[in-house]
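Use these hints to put chain B onto chain A, whose structure you have.
Number of protein chains: 2
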Amino acid sequence: MPSLHANTGMQQIVDFILELDKLKGVTRKVRPLGLDRYENSAEHSWQIAMLAASLAPFAEPAIDINRVIAMLLVHDIGEIDTGDTMVFAESGWDERKAAEQIAVERIFGVLPEPQSAMFLALWREFDEGKSAEARFAHAADRAMPVLLNLANNGQSWRENGISHERVVGRIGPPIQAGCPAMWKYLETRLEEARRQGWFGA
Amino acid sequence: MPSLHANTGMQQIVDFILELDKLKGVTRKVRPLGLDRYENSAEHSWQIAMLAASLAPFAEPAIDINRVIAMLLVHDIGEIDTGDTMVFAESGWDERKAAEQIAVERIFGVLPEPQSAMFLALWREFDEGKSAEARFAHAADRAMPVLLNLANNGQSWRENGISHERVVGRIGPPIQAGCPAMWKYLETRLEEARRQGWFGA
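Protein chains in written order, with our numbering: chain A, 129 to 329; chain B, 129 to 329.
Just chain A, same shape as in the assembly (with noise of 0.2 Å):
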């Protein structure tokens, strides 16, 4: 009864996607610019790909940029079960990092093969940070709310109690590590930031 089967996969994909509605209500700790709300973790993972495939130029020679997007694309997905979490949080890294592992499994599982490994495949692939693209990915997903927030006098820094020194310890790494271009330049951007006063104590 091959004609039963034509949609095979339509309806799985369709829960799913609507399954993806919900990153759009998991919020995040800096506001758009000039919008009185915070941003929400779908259409940072929006701008973070436009971030990554503007600094196409910056990337080595032999990155896969529509690797690099896809990877940014999925990777707070498991978000829509553990909620976001400030990359400066101080502790309880692992187990956040266990319970999105849970997630995107659940999340990724309704749908067919071979989408489900390849969305899961790339999800791992950013968690563990090793690729040249991940590396890269990594350094757009870091990059994108300092930007926000220097154009926003340090607005999430601030409400939080985050210091310079905390900002420059934990994205300087992973971003020199991606993009060395972009933390080039962040890094005279956050030493105005601090002469400004745009940190927490």
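Non-contacting residues of chain A with respect to chain B, defined by C-beta distances greater than 12 Å in every case (computed): (1) A190; (2) A231; (3) R234; (4) R252; (5) G257; (6) E287; (7) G297; (8) R298; (9) Q304; (10) A305; (11) Q324; (12) W326.
Ranges between beta-carbon positions, derived for each pair: (13) A:S259 with B:N288: 39 to 47 Å; (14) A:S219 with B:S219: 54 to 62 Å; (15) A:R317 with B:D209: 22 to 30 Å; (16) B:L161 with A:N281: 32 to 40 Å; (17) A:E223 with B:K225: 47 to 55 Å.
For the record, the hints were derived by calculation from the structure and aren't laboratory data.
Treat the numbers as computed from the prediction; the structure is a model and nothing was measured.
The beta carbon of each residue, even a glycine, is placed where N, CA and C say it ideally should be.
For chain B alone, coordinates are given in the frame of chain A:
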């Protein structure tokens, strides 16, 4: 003085990505499931990129799914200047397209080359809608609000007085042209929705 130019283009990329932040404030007519607000065009762009990636096994073999995803990430950026217009608007479509063209030339013009020309070419390919990639991208873009409406008991169709006939007439041909399996699925679901009374008069 080469060192002065070491970050050539970085400030332009930063200016561009902060300009893109405005797309988070462009609202559409559908509400995310379970949220008491309208969807914005940034999170929509993320979701349709994920829909296209999830539908990849339904694409013709020659389709470059990465170009589809890139097109979907940039296709709504002109709305930063023009706002969103519902696909069911009866008139003003040509004027709107001309205004969007001017908008994307301004916005992508913030970037250095080759990024500026690359994004503009992607936007134009989507706008023209002729390549197999553009047709597949249009199918994902048109299908997504229908899927949300079907999950929302026809929320935006009822709020905006959109009939079953108008939905089928406007979105059927582009979805059929770009992703026939998706249209086959939606045709049945839309007929069920009509019987449920989920459309406007």
